[in-house]
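**Student:** Protein sequences appear in the order of chains A and B.
Take the first sequence: its position 392, counting from 1, is numbered 422 in this note's numbering, and each next residue is one higher.
Take the second sequence: its position 364, counting from 1, is numbered 394 in this note's numbering, and each next residue is one higher.
Some clues are possibly wrong.
Claimed, not checked - From the derived model, a few chain A residues whose C-beta atoms are all more than 12 Å from chain B:
hint, residue
1, Arg346
2, Lys366
3, Gly429
4, Lys447
As the list claims (entries may be wrong) - As a list, the in silico SDA-like pairs of lysine to any residue whose alpha-carbon atoms are at most 25 Å apart:
hint, chain 1, residue 1, chain 2, residue 2
5, A, Lys221, B, Phe143
6, A, Lys37, B, Asp291
7, B, Lys131, B, Glu506
8, A, Lys222, B, Pro211
9, B, Lys227, A, Gly197
10, A, Lys456, A, Gln201
11, B, Lys131, A, Trp460
12, B, Lys113, B, Gly102
13, B, Lys345, A, Arg32
14, B, Lys178, A, Phe310
15, B, Lys178, A, Phe169
16, A, Lys131, B, Ile453
17, A, Lys90, A, Asp128
18, B, Lys222, A, Glu259
19, A, Lys222, B, Asp208
20, A, Lys345, A, Gly429
21, B, Lys227, A, Glu506
22, A, Lys178, B, Asn155
23, B, Lys221, A, Glu142
24, A, Lys456, B, Met503
Don't read these hints as lab results, they were simulated from the structure.
Note that this is a predicted model, so its numbers are computed, not measured.
All C-beta atoms in this analysis are idealised placements derived from N, C-alpha and C, irrespective of residue type, glycine included.
So the chains spell out like this:
Number of protein chains: 2
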Amino acid sequence: MRHTKVKDLLNSTTTLQEVNAKGWVRTFRNNQFIALNDGSTINNIQCVVDFENTADQILKRITTGAAVSVTGTLVESKGSGQKYEIQVAKLEILGDSDPEKFPMQPKKHSLEFLRENAHLRVRTNAFGAIMRIRSVLSFAVHSYFQQKGFVYVNTPIITGADAEGAGEMFQVTSLPLDNMPKNEEGNIDYKKDFFGKHTNLTVSGQLEGETFAMALGQIYTFGPTFRAENSNTSRHLAEFWMIEPEVAFNDLDNNMDLAEDFIQYVIKYALDNCGDDLKFLEGRLLEEEKSKPQTERSEMTLLEKLNFVLENNFKRVSYTEAIDILRESTPNKKKKFSYIIKEWGADLQSEHERYLVEKHFKCPVILFDYPANIKAFYMRLNEDGKTVRAMDILFPGIGEIVGGSQREERFDVLVEKMKVLGIDEKELSWYLDTRRFGSATHSGFGLGFERLVLFVTGMSNIRDVIPFPRTPMNAEF
Amino acid sequence: MRHTKVKDLLNSTTTLQEVNAKGWVRTFRNNQFIALNDGSTINNIQCVVDFENTADQILKRITTGAAVSVTGTLVESKGSGQKYEIQVAKLEILGDSDPEKFPMQPKKHSLEFLRENAHLRVRTNAFGAIMRIRSVLSFAVHSYFQQKGFVYVNTPIITGADAEGAGEMFQVTSLPLDNMPKNEEGNIDYKKDFFGKHTNLTVSGQLEGETFAMALGQIYTFGPTFRAENSNTSRHLAEFWMIEPEVAFNDLDNNMDLAEDFIQYVIKYALDNCGDDLKFLEGRLLEEEKSKPQTERSEMTLLEKLNFVLENNFKRVSYTEAIDILRESTPNKKKKFSYIIKEWGADLQSEHERYLVEKHFKCPVILFDYPANIKAFYMRLNEDGKTVRAMDILFPGIGEIVGGSQREERFDVLVEKMKVLGIDEKELSWYLDTRRFGSATHSGFGLGFERLVLFVTGMSNIRDVIPFPRTPMNAEF
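Please put together the full structure from these sequences, using the hints given.
**Tutor:** Set out below in structure tokens:
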């Protein structure tokens, strides 16, 4: 008899049929009630064991974490909290779980402890929910772009181009690290390396993505990106997944429209498809915040926050307006900011972004038209000659979730900018080909997927929303 | 006025409205007819220029590769080959394309030349089609698993676990390669590296995926994997995308059913959604094969081959039966194989796989129950004590497209096997936890995504179905 998933059993429309379920014991109460979970849903199915006719050796082995197969009749439950339960006729222990040794006992574990057990934490309610939501959000990303006719592009992970300067890079090599071949000048002979040159892990697929957008019109990437930066914060990972759409003929306004519509779509998709998991995480968050002083608690519950983002347009504010707001703000005047905003041109720190989003506007904010000299070389210079068509989307509790821009489509202006910044024109000759041959206005953005998952799940540490986090000094598993 | 995509214009249900289209000139005939493409479809829209009332300086700039914006009336076309065309009222050159310099002129280019111009080849009909099909196939992969309730898992790319031995690995480091720190014993001091240990690029997400399957039930990965193997063949890449489903409570038969159903689903999805692109590639293949001797040409066209896979079950053959067939085969007896099959236990080479698939069975074949000693340590040992519950799926023209197995769920048997093979138990202690706590039958497989794209597009070199191929001595872009 083929087993039925717990989710399907709980959604069953008929009862009294014989069913088989397989899963892991979450709890076993009164020598009688198994809460069985198979990962298909956060909800367990109650399996009622006929303990009087079950051998003690078997009952003893029904422990938290054990894998079991139960066969019996699906009936309406007399107990509260569940619609159906299984009256067990046959129980088989598939795999034991020694209660003295299994780390995931049904009690509260610290998030730190669970991180160290990333291969087991997914057996808890919270991490099961987070990982299901992450998966559904991934699919929402693909669904959104595919419906709109975007082409999914797998830009390279190992890259010989390291000119973009988006961040510190990891090196990739197959040379023997303890005996590097040298050339005649005494330098490392990368000609002997696997690719015949020095290679790194990508920090962004944007430049390659642009070459595809200038042929296929609308493209998006969704893949891993890397930063070798020693940032031990709750918002940074050394390995994370990024989504980078790029659209020919889109200007910055189209780009903002796309980003806002996209984010609202994926959040709505999660609300529509992850109700049980989100409800659980909402409760988790409320519980967690009980230990905080009243002033630090969220004004909205998790679901309220998600719905708020759907129902309100993101506030679009130019960098110049933002500087004015910040300069006049109480924390700036009272010198509560670590970095006091004095004049136009200052780079915004996370404290300023948070003030704008969480205190001043109290909604997602799109900042645009930043000073050219604090932004990347490929961004479209405005007619004022000092700002570029950049945009950042800032989210409450998360900070920057999207960074994007209209790209500089003018060959001469782009090359001049590269010269000023010392970026090797020959290295990026292939990129410049997009401006040499059939150049046109185009725009795109990057969205850090884990920051989106962080927002949707209400978790506060980015290490808790990726299966196996990579951070400084940590590459376990 | 917002532009309309060429695909939507060609699918329009009304005419005579004013429209704007933006794209790249594919050809410009008789100073009058622009074939305009914007990547949304392989089909161009014909734009008829009023050349008598258009300045010569503008007409001269309508060259292959130039980006243009045309505004005019959508009318039924009098010419053959297209339903609609645009009577151009206004034409704007967005970006020039010097015909002396633009490499993608409308003539036949060699695949080698196009590979060197991977950033521009996507502007050709063939590569536009391939990349759109690749994208649709990716979405089919996600759709299939998500519909069935699988959870998408992003297993780590950078890994500290290098015990699996699936292939040569690339090293990842942030240490200065020309000045590696040494410890007291004179060895490289990996404690000073970013992760505090030696790390590599993943060769497979299977082991991490198993830990998630044993909590969430059904999971799949779809991400980049790496092999630092010096294989300069038309079937190998150093960086490729792999799909790895893993299902708790599935045995090998369920695993074969899943793989077959999955492959048929994604091929059907491509047939249903990529008609124009597949038709073009079918023609391309016919053209290419004209230069081959009759005996080397395919018996079926591309679409026939794809439909054949849908309509016929994959032939399931045990390794033992396969050896018998091969031993008795003409090429074996006549010593035409490079490796003559003498006895049970021999590892099958690509020539043997091709014989089975292309000559003997003439359909996709699933080989199963291989000798234990030619397969990986984690595969379930059969009761005969000498074979394991492994399976490979072999495709005509492609060879191995899937490799999978039922996993050894018995802790003691698995540990014993690791000891024999010298695999460090401590290194994989987290993996063994799946067998320590709530172990159960489970199975999974890996499908090399590019091999699938190769099969569906009818291309013959794997470098032509990934945007920017990584192979020995090649990491351009």
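**Student:** Hint by hint, note whether the structure agrees.
**Tutor:** Evaluation of the provided hints:
no.: 1; hint: Arg346; in the structure: 19 Å, holds
no.: 2; hint: Lys366; in the structure: 35 Å, holds
no.: 3; hint: Gly429; in the structure: 22 Å, holds
no.: 4; hint: Lys447; in the structure: 18 Å, holds
no.: 5; hint: Lys221(A) to Phe143(B); in the structure: 22 Å, holds
no.: 6; hint: Lys37(A) to Asp291(B); in the structure: 22 Å, holds
no.: 7; hint: Lys131(B) to Glu506(B); in the structure: 20 Å, holds
no.: 8; hint: Lys222(A) to Pro211(B); in the structure: 22 Å, holds
no.: 9; hint: Lys227(B) to Gly197(A); in the structure: 22 Å, holds
no.: 10; hint: Lys456(A) to Gln201(A); in the structure: 21 Å, holds
no.: 11; hint: Lys131(B) to Trp460(A); in the structure: 13 Å, holds
no.: 12; hint: Lys113(B) to Gly102(B); in the structure: 16 Å, holds
no.: 13; hint: Lys345(B) to Arg32(A); in the structure: 23 Å, holds
no.: 14; hint: Lys178(B) to Phe310(A); in the structure: 23 Å, holds
no.: 15; hint: Lys178(B) to Phe169(A); in the structure: 13 Å, holds
no.: 16; hint: Lys131(A) to Ile453(B); in the structure: 23 Å, holds
no.: 17; hint: Lys90(A) to Asp128(A); in the structure: 10 Å, holds
no.: 18; hint: Lys222(B) to Glu259(A); in the structure: 14 Å, holds
no.: 19; hint: Lys222(A) to Asp208(B); in the structure: 14 Å, holds
no.: 20; hint: Lys345(A) to Gly429(A); in the structure: 14 Å, holds
no.: 21; hint: Lys227(B) to Glu506(A); in the structure: 9 Å, holds
no.: 22; hint: Lys178(A) to Asn155(B); in the structure: 21 Å, holds
no.: 23; hint: Lys221(B) to Glu142(A); in the structure: 22 Å, holds
no.: 24; hint: Lys456(A) to Met503(B); in the structure: 19 Å, holds
When held up to the earlier numbered hints, the structure conflicts with none and fits them all.
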